[in-house]
Amino acid sequence: EDQVTQSPEALRLQEGESSSLNCSYTVSGLRGLFWYRQDPGKGPEFLFTLYSAGEEKEKERLKATLTKKESFLHITAPKPEDSATYLCAVRGNDMRFGAGTRLTVKP
Amino acid sequence: KAGVTQTPRYLIKTRGQQVTLSCSPISGHRSVSWYQQTPGQGLQFLFEYFSETQRNKGNFPGRFSGRQFSNSRSEMNVSTLELGDSALYLCASSKQGADTGELFFGEGSRLTVL
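Chains as they are written, first to last, in our numbering: chain Y, 32 to 138; chain B, 72 to 185.
In isolation and in its complexed conformation, chain Y is listed as follows (with noise of 0.2 angstroms):
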């Protein structure tokens, strides 16, 4: 059965505090990997999209990388308006969200 794991479930990190969220994976027949960010009481909003092993997409402090085994969202220098949940998803044989890492930027 696919299986999408984030880690770590929260992370708290300083203002400028470049960090790392992972999102590990099985699937069979990866057909995507997506990653969204949600802030409270709002839906997902899309972040980047990533379809092969080695893959790398970029927005302002935001990096997403792809392995065959996992997706790393690479935060640069983050600003307390980055705090959010961000999610993983996969598609195989159907979309599977993963639990979603929980991030806190304080100034």
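Careful, some of the hints might be misleading.
Below, computed lysine-lysine pairings styled on BS3-like, alpha-carbon distance capped at 30 angstroms [said to hold, decoys possible]:
1. Y:K100 <-> B:K84
2. Y:K73 <-> B:K166
3. Y:K110 <-> Y:K137
4. B:K166 <-> Y:K94
Hints listed in this document are in silico derivations from the structure and should not be mistaken for laboratory results.
Dock chain B against chain Y, hints included.
What follows is chain B alone, placed relative to chain Y:
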């Protein structure tokens, strides 16, 4: 450009009742997919409609159903409500289909079942 609109935003029902939720996608988007989000199970895929046809279905009982109209608006229905159906129900629209992952989510309908 208007975003995805879901109605109602909040509702309270009792066990055994049924509920209908509505979703208006972004103009020009033909795909609408539905998700259930709970603290315990996270975000789970319910089903996707594309041009009025159900394209994919998640692992939910038949009490959960949906449809899509010719204007791409979609509804989902849950019959014989159970306490465990309490959740945030999210709808997402996409131009080319949920497989691309480029989903635009609404703010959700929060259902409480008493």
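Tested hints:
1. In summary, the hint linking K100 of chain Y to K84 of chain B is not supported, as the alpha carbons are separated by about 42 angstroms, beyond the 30 angstroms threshold.
2. About 21 angstroms separates the Cα atoms of K73 of chain Y and K166 of chain B, which keeps this hinted pair within 30 angstroms; it holds.
3. Between K110 of chain Y and K137 of chain Y, the direct Cα distance comes to roughly 8 angstroms. Compliance with the 30 angstroms bound is thereby established for this hinted pair.
4. In summary, the hint linking K166 of chain B to K94 of chain Y is supported, as the alpha carbons are separated by about 24 angstroms, within the 30 angstroms threshold.
Figure legend: structure checked against the earlier numbered hints; the only hint not met is number 1.
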